[in-house]
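Chains as they are written, first to last, in the working numbering: chain A, 56 to 525; chain B, 2 to 312; chain C, 915 to 1228.
The reader is advised that the hints may include incorrect statements.
As the list claims (entries may be wrong) - List time: in silico DSSO-like cross-link candidates among lysine-lysine, alpha-carbon distance up to 27 Å: (1) 107(A) to 418(A); (2) 986(C) to 325(A); (3) 139(A) to 255(B); (4) 415(A) to 216(A); (5) 147(A) to 255(B); (6) 50(B) to 107(A); (7) 371(A) to 45(B); (8) 401(A) to 371(A); (9) 371(A) to 255(B); (10) 159(A) to 166(B); (11) 401(A) to 325(A); (12) 469(A) to 250(A); (13) 166(B) to 190(A).
Keep in mind that the hints were calculated from the coordinates and are not lab data.
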Amino acid sequence: MNAHGKSGLMWLAVSLMIVLALVLSACAPAATPAPSQPTQAPAQPTPAPEAKVFATWYQFDQENTDPASDEAVGNAWLRENMAKFNEAFAGKYKWVNTPKAWDKMDAELIAAVQAGGEVPDIIQITDFKIPMHAKNGSLQDLRAWAEAQPWYAGMDPQALKTCTGPDGGLYCIPFAEIPYVVFVWADLFPNDYPKTIDQFLTEAERLKGEGRYIMTYFGSTDKGGSGATRGVWTVISSFGGTYDDGKGNMLLNTPENIAAIEFLRTLTVKGYVPEVTFAGGFQEEEAFKDSSAASIPTALFGYRYLRPLTAPDGTKYETMTEQDMLKAIEDGKVVLRPFAAPEGKKPSGGLSARGVGIPKGAKNREAAEAFINWVLTHSDIAADYALRGESGLPVLFAAYDQPQFQGKLHQQAKAVVQASALRSWRGSLERTAEAQMIIMNAVYKLVKEDVTADIPTVLKQAEDEYNAGK
Amino acid sequence: MVRTLSLSPKTWRSIFLNGFMVTFLLVAMLPIFLTIIISFKSHKDIIRKPPVIFPCDTPASAFDLRACRWSVEGYERVLVPKLTNSFPLIQLTGRMFRIYIPNTLLYALSTAIGVTVMAGMAGFALSRFRFGLRRALMIAVLSITGVPLLTNLLALYQLGVTLRKTPIPFNDRAYLIFVYFGFYLPLSIWIAKGFFDTIPRDLEEAAMIDGATPLGALRHVTMPAALPGLAAIFLMTFVNVWNEFLAGYLLVTKNELKPVMFGLYEFLGPNIINFQMIAASCILIALPVVIIFQVARRYFFMAMVEGAIKG
Amino acid sequence: MIKGLTIRRKQSRTDQSLPILLLLPALIVLLVVQFFPAFYTIWLSLQERFPTGWQFVGLDNYRLLVNTSLFKESIGHTIVFLVGYIVLTLSLGFVLASILNTRLRLSGFYLALLFIPWTLADILVGMVFRLLVYPDYGILSGILGNPALFPPKGLSVLTAARPAPLFGSFPFPPAPAMVYLILASSWRALPFITLLLLASLQTISQEIIESARIDGANTWGIARHITIPLIFPTLVVALFNLILTGVNSVGMVFSLTAGGPGTATFVMSYLLYNLGWERLRFGQAAALAVMMALVNWALIGGTMRVTRVDERTA
């Protein structure tokens, strides 16, 4: 009985171990067939089976056909172009896209490259992320290859420069240039949008009297401090300010920046901007949408997201698609303008190039190159990419002439570009993710949280913190 | 009539206490109640300014039950049902139900089974045997019961980074489940041991004297008695994994392998106000867990109190 | 019977190896997932990532971290959060447990309802609470924004700035968003604490309380001199449990405030996430994790002392 007792328990132990082993092994095979094949979307023809996977990361989701989805334009663009590409390269490549959150994509890529995780062959890139990628070695240098391509000479050199890392490598191929403009409800400015800061404040007081706000902007610290690259940068750069000293250090404590922040502070204190300005989650846009705020400085791509719209006179644009804004601009209800600037200064704002990069460790660089060539050797595809893929102006000169850029929206956008001295906020800063967080925290503190705090002290503290971080 | 007014102090006390509880619960349940309402609103009513609580107002009156504009738009946009010709006839094509919920089910079930088996074995060993390292092991297990996942995540993340680079085949799912094992085991071992402790050994021995084999005794006496404890461990682990966000979000690199809480978090990204979608998905995700809890409440209470007082 | 007893008394070699065998799978898992990370994190906190790989930088990460304004601030926020969270949850939990302990006829029903929040994921609770007070559109912001109720301009929970601090730069009084975060966290933790205290209260015999009442003690006197001393160990367990979950939970901050408005709800746990996975400064994040782990271990040690684990492991 004694021996039995032991062997019985032993048996139990062994059987439990087997169960455990079974459980563990059960997870493994379950894992191998990925439950979703993003390519199974009905819109795409199935390419021949030997086609090699061409993997991309976009902020769009080709499977989302919801017309009210906030990325509906990009989603549709991606869906249609995936089909086109798969047709053009049938039997050779099969485009498979994984949607990624726009504000997390770059950190995820860097993590994946360092982790040896799954990386795509193409990733959607904004130029100011380039130094961060260069520092972390997460993207391939495309200079040698790109310069040998036929389209290279036909690209805007300015945009190509923004894709250049601190070491001179070309880390992205720009497909669109996004100017930062001000969307304005025209009816609320009978004397047109103010050109100087003094006019701006006068108009602000007048609008306040009418129960409206002159402006709303991304004033929260949400989305990793992304506000520092939007309306805040429009104001600071229009005052002639910068975020850096030109040598890679952060420099915030300058007279121009202080003047700009004093201006932003005035807007808050006097109640010229609505409370939602500081709400985050893109809530600030709501104030423009219902025309309780008369203007919003943001990127040109804002036209896709600013919907539905209610004009000051009550006209409604409610298709819940990008057509709302296009129609409002067509009707002359909304106009694009440069921001106001102090006397003697040229208005400014952000300018960012958006395009694609090829990550280190990409499995199918050949397909990535074929894709870039495919876009840039077809001016219609390049134009569509700039228009619907990125909502910007094309970088490829040939695409400029395409009919879709002759509408009012783009004509006005081009006028804004000409009337102002747009530039990238990044300057010589390298750790851009950290920089925008630190800057936005400081700006928020000064403009919203503590409107009596000493501006130079807080700015100095912020720049010291960034510069100490190596 | 007069008698109703002269209630005994005890009855008054009971009325007061019940009144307090009812009021408190009404307030405490408010967020849930409001979320249900939001989930059945249409987009037009979501973006009203100022907001209305019930979508039941008409130009004529502030609240008209017949004019309520309830809508399942939110649920529709989360589930994205599409008609098909083959069997279930309807297919839920939303990411939430196609990808994230199956993933989470896999993670939660595997973790719960694994943790229950391992904790059962370990708890049994700690309860029934006296051996050299027993005390040291128990203190070690006990002391890590409270260690939160957060501070370990950095290292586990970097461990995943290193493992992916080695020639050892690496599987995101298996790794995540393994991490969940480690995270939910300590408390479970402790609970299991507690349950085995409450089963008198004499019972097994009596059964053996009555002619049962040790295995039989284990099967017919010990296991049934320990079953509620093991069930509690299983359910608790299942629910914990279902509700876990950070590890699933950070340790898994591919979107298609991420769990349901990531799917929920994804809704925060878009810049269009989609409260009805967020509310609807919150309810769809929470419902299974709330139901499990309500059905098996007794087990949970037992395990939780047991685990907390000791750990 | 005699044979059964020998199993216990005489320990043969199989008897020694069987329990180890049974424990082995759990031990392996715990070694990898719980013990290894502790040492790895310490190592990581002394390293910095360069394009070439990890390099030893000594205590640089600690120095950099301690010098950032956000670190100092986050300690203040964490303390404010903890105090609010603990006081609110413990006191409410005690009141509710005491009421439920009077065995109202509907106690079971109350418990069933009360329990729902605990079953919800923290990130989900954060989202729900965020929906309710979203500026302008949140279902409650119409009421909160009423200037008559919240003078002078109404209250916008997620954007209102924090009041001027009373003590130096210590963030007290907290911003409305912090108060709201505390409310949401307590809402979720309350059921567990109530249940814990209820279980402990139920072990006190009614006779003691009755006899004290006969001796003329009032409700407060009974609570103070009988109930609280008797459930003291459980109170401590509840307290430590609240501190541990409070210091380390990040899901709620994640979905409710994301550290904002500004940095008003930037607690240490969120800073850890932010440093590691948003700024990719893993070395500094590890330094913070080491500091937080020290706090955790001190708390766990404290709990073990109070609950006299030594007696239980026998």
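Against the 27 Å threshold, does the CA-CA distance of residue 469(A) and residue 250(A) hold or violate the hint? holds (18 Å)
Regarding the pair residue 50(B) and residue 107(A), is the alpha-carbon distance no greater than 27 Å? Given pair residue 50(B), residue 107(A) is violated - Cα atoms ~51 Å apart, limit 27 Å.
Agreement of residue 986(C) and residue 325(A) with the hint, judged by alpha carbon distance not exceeding 27 Å: Violated, at about 32 Å.
Straight-line Cα separation of residue 139(A) and residue 255(B) no greater than 27 Å? With a Cα-Cα distance of about 26 Å, the restraint between residue 139(A) and residue 255(B) holds, given a limit of 27 Å.
27 Å limit on alpha-carbon distance, applied to hinted pair residue 371(A) and residue 45(B): It holds: about 13 Å lies between the C-alpha atoms, which stays within 27 Å.
Between residue 371(A) and residue 255(B), does the CA-CA distance stay at or below 27 Å? violated (41 Å)
Check the hint pairing residue 415(A) with residue 216(A) against an upper bound of 27 Å on the C-alpha distance. At roughly 21 Å apart (the allowed maximum being 27 Å), residue 216(A) and residue 415(A) satisfy the hint.
Given the hinted pair residue 107(A) and residue 418(A), is their alpha-carbon gap at most 27 Å? holds (10 Å)
Restraint status (C-alpha distance of residue 401(A) to residue 325(A) at most 27 Å): Holds - the C-alpha atoms of residue 325(A) and residue 401(A) are around 25 Å apart, at most 27 Å.
Is residue 166(B) close enough to residue 190(A), meaning Cα to Cα at most 27 Å? holds (21 Å)
Pairwise hint evaluation, residue 371(A) against residue 401(A), where the allowed Cα distance is 27 Å at most: Measuring from Cα to Cα gives roughly 34 Å; hence the hint is violated.
Has the given pair, residue 147(A) with residue 255(B), been kept, meaning a C-alpha gap of at most 27 Å? Distance ~24 Å between residue 147(A) and residue 255(B) Cα, so the pair holds.
Violated hints, listed in ascending order, are 2, 6, 8 and 9; each of the other numbered hints is respected by the structure.
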